[in-house]
Amino acid sequence: MTLIVYKRKTSAAAALAQVQEAVQSTAAPAPIPWPSADVDELKVDGDSFTLESFTTEDAFVLGNLLYARLLPYATAGQPTVISIALANSAHVLYQVVTGPGTAPDNDSWVQRKRNASIRFGCSSWLLNCKYNGDEAKFAAKFAIGEDKKGDYAIHGGCIPIRVKGVEGIVATVIVSGLKQHEDHGVIVDVIKANWE
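Just so we're aligned: 17 in the working numbering is position 17 of the sequence shown, and the numbers increase by one with no gaps anywhere.
These are calculated hints, taken from the structure and not from any lab test. Take these hints with a grain of salt, some might be off.
The calculated DSSO-like cross-link candidates involving lysine-lysine, where the alpha carbons are at most 27 Å apart (straight line), are [claimed, not checked]:
{"hint": "1", "residue 1": "K148", "residue 2": "K137"}
{"hint": "2", "residue 1": "K148", "residue 2": "K130"}
{"hint": "3", "residue 1": "K7", "residue 2": "K43"}
{"hint": "4", "residue 1": "K43", "residue 2": "K9"}
{"hint": "5", "residue 1": "K141", "residue 2": "K43"}
{"hint": "6", "residue 1": "K179", "residue 2": "K130"}
{"hint": "7", "residue 1": "K179", "residue 2": "K149"}
{"hint": "8", "residue 1": "K43", "residue 2": "K192"}
{"hint": "9", "residue 1": "K141", "residue 2": "K130"}
With beta-carbon atoms standing in for the labels, derived distance ranges [to be verified]:
{"hint": "10", "residue 1": "K164", "residue 2": "S25", "range": "32 to 42 Å"}
{"hint": "11", "residue 1": "A193", "residue 2": "S53", "range": "11 to 21 Å"}
{"hint": "12", "residue 1": "A136", "residue 2": "V23", "range": "40 to 50 Å"}
{"hint": "13", "residue 1": "A143", "residue 2": "L16", "range": "40 to 50 Å"}
{"hint": "14", "residue 1": "E21", "residue 2": "K141", "range": "37 to 47 Å"}
{"hint": "15", "residue 1": "A90", "residue 2": "A143", "range": "22 to 32 Å"}
{"hint": "16", "residue 1": "A103", "residue 2": "E52", "range": "35 to 45 Å"}
{"hint": "17", "residue 1": "E41", "residue 2": "E196", "range": "15 to 25 Å"}
{"hint": "18", "residue 1": "E196", "residue 2": "V166", "range": "12 to 22 Å"}
No residue lacks a Cβ here, since even glycine has one placed at the ideal position from N, Cα and C.
Please put together the full structure from these sequences, using the hints given.
Structural data, given as structure tokens:
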């Protein structure tokens with residue numbers, strides 16, 4: 001399998017312009033592409049992304065592009081939390097809610113998805129697909145005790161970011177608040193549209 005390394009093509013100014021356009025728009029939310037549920041297909045395309053770099057500016061751009069894409073959903077009554085954090089320290093580089101109606105429970109989902117992605121090195125959607133959403137089977141497979149089951153969520157919405165030449169996951173990008181395939185799919189859609 002050939003490693004694809006993505007380079008950002010959207011500037012910070014262009015990302016902010018998309019946010020401004022979304023704030024002023026009354027358009028209905030654009031459909032989010034449904035990601036593959038086939039584990040082998042996901043491993044090739046859509047499980048994680050290897051970028052040329054991942055700086056605080058990259059996180060700012062990606063976060064704002066996600067915000068612009070998801071704001072129409074919030075306007076339609078489906079708000080989300082967007083969170084981008086470093087993997088080695090969980091230092092949050094970007095976090096925002098797209099509108100009223102989120103709750104502290106969304107923050108719990110963010111952390112649980114992040115934990116699963118970092119521990120297992122793949123997207124939370126891939127874990128969901130691999131175990132057919134069966135959290136008990138997942139926990140049994142990895143000897144996750146009753147007291148730790150609540151630390152992990154195998155629901156779509158967390159994608160690991162890697163950087164060429166760096167071992168392991170550098171950051172995680174998380175969306176929480178929509179259906180799990182949409183949480184995952186919107187991240188894939190935005191990265192593919194703005195990185196080449």
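Verification of the supplied hints:
no.: 1; hint: K148 with K137; in the structure: holds, 14 Å
no.: 2; hint: K148 with K130; in the structure: holds, 20 Å
no.: 3; hint: K7 with K43; in the structure: holds, 20 Å
no.: 4; hint: K43 with K9; in the structure: holds, 24 Å
no.: 5; hint: K141 with K43; in the structure: holds, 20 Å
no.: 6; hint: K179 with K130; in the structure: holds, 18 Å
no.: 7; hint: K179 with K149; in the structure: holds, 21 Å
no.: 8; hint: K43 with K192; in the structure: holds, 15 Å
no.: 9; hint: K141 with K130; in the structure: holds, 12 Å
no.: 10; hint: K164 with S25: 32 to 42 Å; in the structure: holds, 36 Å
no.: 11; hint: A193 with S53: 11 to 21 Å; in the structure: holds, 18 Å
no.: 12; hint: A136 with V23: 40 to 50 Å; in the structure: holds, 43 Å
no.: 13; hint: A143 with L16: 40 to 50 Å; in the structure: holds, 46 Å
no.: 14; hint: E21 with K141: 37 to 47 Å; in the structure: holds, 45 Å
no.: 15; hint: A90 with A143: 22 to 32 Å; in the structure: holds, 23 Å
no.: 16; hint: A103 with E52: 35 to 45 Å; in the structure: holds, 36 Å
no.: 17; hint: E41 with E196: 15 to 25 Å; in the structure: holds, 21 Å
no.: 18; hint: E196 with V166: 12 to 22 Å; in the structure: holds, 20 Å
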